[in-house]
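2 protein chains.
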Amino acid sequence: MNKIKMIKGQNIIASQIAESNGPAILATNPSTLQTLEGRFFKASKADAERALQEATKAYKAYKNIEPARKAAFLRSIVEEITAIAPILAERAQAESGLPLPRLQGEVGRTTGQLNMFANLVEEGSWVDATIDTAQPDRLPLPKSDIRNMLVSIGPVVVFGASNFPLAFSVAGGDTASALAAGCPVVVKAHPAHLGTSALVGQAIAKAVEKTGMPKGVFSLLFDDGYEIGETLVKHPLTKAVAFTGSYRGGMALVKMNAQREQPIPVFAEMGSINPVVFLPQAIATQSEELAKKYAGSITLGAGQFCTNPGLLLAVKGEGLDNFKASLSRTLQEIPSATMLTEDIQKNYENLSAAIALENGVELISESRLINKDAKCQSIPRLATVSAKTFIGNAKLQEEIFGPYSLLVIAENNAELLKVVEQLHGQLTATLMAAPNELSQYSELVDVLVEKTGRLILNGVPTGVEVCSAMQHGGPFPSTNDSRFTSVGTKAIYRFARPVAWQDWEDALLPAALQAANPLKIWRSVDQVLTKD
Amino acid sequence: MNKIKMIKGQNIIASQIAESNGPAILATNPSTLQTLEGRFFKASKADAERALQEATKAYKAYKNIEPARKAAFLRSIVEEITAIAPILAERAQAESGLPLPRLQGEVGRTTGQLNMFANLVEEGSWVDATIDTAQPDRLPLPKSDIRNMLVSIGPVVVFGASNFPLAFSVAGGDTASALAAGCPVVVKAHPAHLGTSALVGQAIAKAVEKTGMPKGVFSLLFDDGYEIGETLVKHPLTKAVAFTGSYRGGMALVKMNAQREQPIPVFAEMGSINPVVFLPQAIATQSEELAKKYAGSITLGAGQFCTNPGLLLAVKGEGLDNFKASLSRTLQEIPSATMLTEDIQKNYENLSAAIALENGVELISESRLINKDAKCQSIPRLATVSAKTFIGNAKLQEEIFGPYSLLVIAENNAELLKVVEQLHGQLTATLMAAPNELSQYSELVDVLVEKTGRLILNGVPTGVEVCSAMQHGGPFPSTNDSRFTSVGTKAIYRFARPVAWQDWEDALLPAALQAANPLKIWRSVDQVLTKD
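Chains as they are written, first to last, in the numbering used here: chain A, 1 to 532; chain B, 1 to 532.
Only chain A is shown next, with the shape it has when bound in the complex (with noise of 0.2 Å):
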């Protein structure tokens, strides 16, 4: 195959190359800042425009063909990923400077969600089927018969992540979930990976041909400014928004949907420091093995992941020093990695130079194996700063995108519980445990339950594990909405509402609502669970 001739730069807009005249953006390797294949046009607002009205009009049919054929159309997308895998893989490599196998893996992760989803809406119960039958003899007054089950919200705008190319992307949970949910999707592009947007928005316009769906559930969309973003998610026609990047840019979105005439549901995902709470007993105990599994943590993906632990808590003590120590020089023979791109390798070092500079905040490691011959290059830190210090100081809990940690060393047990009730909303939380020493932070816990999506026991936030029971968001400023998540099978409650049909003609209800139950879907019937 020849990969040159593979990535199409122009726009997709309703699954077709849409013809492209904007200024041309061109895509780049991290770790040469060289220019890679690939010439990419950026959509004009009037592309943004037409993708929206194509997926209005797509909508119309796509919200009603039955679970089968959507199950269909997403396995359809990871049977097109798959045949492209290693050349997909390859470029998201060259654009992203992530190791190979991490995005071997990643292109598996996002098959894996796209299948997760086709088996979901396949099985049909998530619609969250809700029956009332009638009473038509009830006093004083008769009760109605009265049917509840989601359905889908209408078109999306997802934006692609940097971090994760594939699986936060173009074809990413994002994009698969609301597909799932039948609503059309409008992807903006990162411009960090285009030629591999560009080459899952191709694979994903083929599974819509080849499944015979309406072309305007999906579009694509490139642009390296802020234009086309804006355009989408003020636009009247789109339904809901979904993104996972920086703070800023989140809150970016929320204030644009503050604006629009019709709020929507903008879902926001912006990443977090993720504390980590070494106990006493555990720390005493396991300090050296503690501190490899931290490092090894703290460095994954350069550090460029939403759950990467930049935060780590513990009582000042033998077995702290001996962890600090050890996880000083473990980072210390880490290698500086590739950045995904030059703005995030800049802020990196901006933001840890800034924050070595703060009152009380010592560096205490960094690596010393920077890679000469190539760009975008960052070095792993460590900092520690005291309780004391951490508490009066917010500047301190801001998110410091990559290979970066904080160890925040608290006088006593009481001063730890002190840092973790200032702490701001997080994705995750993880205590590091001995044995039967949990039980004795009960109000700790109870604490970090209030900040947090996920609590991890004894192992690492990075790996966010997709599956039903995932919550991967958490309160503010971690999401701008704690309610949802963007990962796992519960993402797909983002773009569904419910719908209730009171004393409807059988036949003319929604499947799922059916008397007879003809998709042998969970629903509650009066209040009881059952298939029947």
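Don't read these hints as lab results, they were simulated from the structure. Any given hint could turn out to be false.
As the list makes no split between identical chains, a pair holds if one copy fits it or if it spans any two.
Result set (DSS-like, lysine-lysine): computed pairs, CA atoms no more than 25 Å apart in a straight line [what the hints assert, rightly or not]:
{"#": "1", "residue 1": "LYS451", "residue 2": "LYS375"}
{"#": "2", "residue 1": "LYS451", "residue 2": "LYS234"}
{"#": "3", "residue 1": "LYS57", "residue 2": "LYS388"}
{"#": "4", "residue 1": "LYS206", "residue 2": "LYS8"}
All values reported here derive from a predicted model rather than from experimental measurement.
Knowing the structure of chain A, use the given hints to seat chain B on it.
Frame of chain A; chain B shown alone:
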């Protein structure tokens, strides 16, 4: 019982009568414009602060109390309300001008809602427990054990609604669902029913006392202006807001949320005009019957329902002529009724007069039976307009709160469809169809589903059943978030967020997630719904 002594006009902060020095607010009987017994005190900003501080403190304990105790608390509120039911209904009647039987019924609806949520939390499955068990041998990576359930979101601010002095007020559906979710509640009383609010507030405070709940779980604040509402909505300790009322009021809260540093879930139910489509055969064969039915629905509660049928749609013809004549006649014979407040009465008069001046709008019926002995009287009105004019004038879609409806006459089915396509989001849409007629209108129904939270066949939209399948919500502007409902058991989901525990110690998990399923609730375990 001495009514005057029973009604205490002080604010209730943390379930206790607070010292109140603020300006006095008086309660008015709208049908006489006379002052009613009781002297109420405007809450201060410091009161609002204290109520939220106490709510936050109480949250620490309240969120963790076992379901059975929460249910007992809700049922204790039922007992306290039931104990004063006659006084309550009588006072609500005096304050609202609504008929006494309606208010007696509303006491029942209010206690019914509280019991429904008591049953829901006691049964326990609402927390949506979802478990993915570990796969330690999975390749390439072991899978963690992940367990997810809903937890309460924190202190909720509830706004009492004018039109349901009991069921959508101090102990109404918002309060009941928030308390059931595990959230303390701070209620801003509606100034249109101060005494009713005070009585119910005292009932809740007693139940807090009797069942040993943390006192901060409930506060009730009075204000006849906007200051306290704004203070509460903008306060950082507020974690969610529930509101039922006007578009203007709801959007003011949505805008305040946009000004918060931390966005929170705000659910604003802002009403709608609830289109009713009379299909040709139905109107041809049942014109008299339909006119009677709808005259009743339009004037029920003096038209002061969120689900009042403010828009009637039909295709011209003999049947429609009969319907129109019959509805006009019937409405003319319905006497005036007392509106909830002077402001609401004036607004109704002004808006219904203004709409009659719009180009092409003709007022075709106005009751002549004005009760001259009572104040705040409004009469039913029916206006008509062509579909063409309606489509061209968005003003005609604005809600006129009161016993008013606009009959839109289409030339043919195609034009009827056009009208429906132009409609804004609605709480309800109703179709009146003859047997076998509905199936010919699948396109029309499909468009209505997109616009609506609840579809009704051959009924009236007024009368919202409180049950698990109810959807009382809908696309904007009927609410600001169509994914939620404010009536029925699903109302609880506004105030809960998922949390996942990963590889946690079984004994330290919330009971809902422990391996043995001690609460015996429905759970999804490795994608299988089970009570095991």
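The hints, checked one at a time:
1. Neither within a single protomer nor between protomers do LYS451 and LYS375 lie at most 25 Å apart by alpha-carbon distance, with minima of 38 Å and 53 Å respectively.
2. Taking identical chains as interchangeable, the C-alpha atoms of LYS451 and LYS234 lie at most 25 Å apart only when they sit on different chains, with a minimum of 20 Å there against 31 Å within one chain.
3. Taking identical chains as interchangeable, the C-alpha atoms of LYS57 and LYS388 lie at most 25 Å apart only when they sit on different chains, with a minimum of 24 Å there against 58 Å within one chain.
4. With identical chains, the CA atoms of LYS206 and LYS8 are at most 25 Å apart within one copy only, with a shortest distance of 13 Å there and 70 Å across copies.
Checked against the numbered hints listed earlier, the structure breaks hint 1 alone; every other hint is satisfied.
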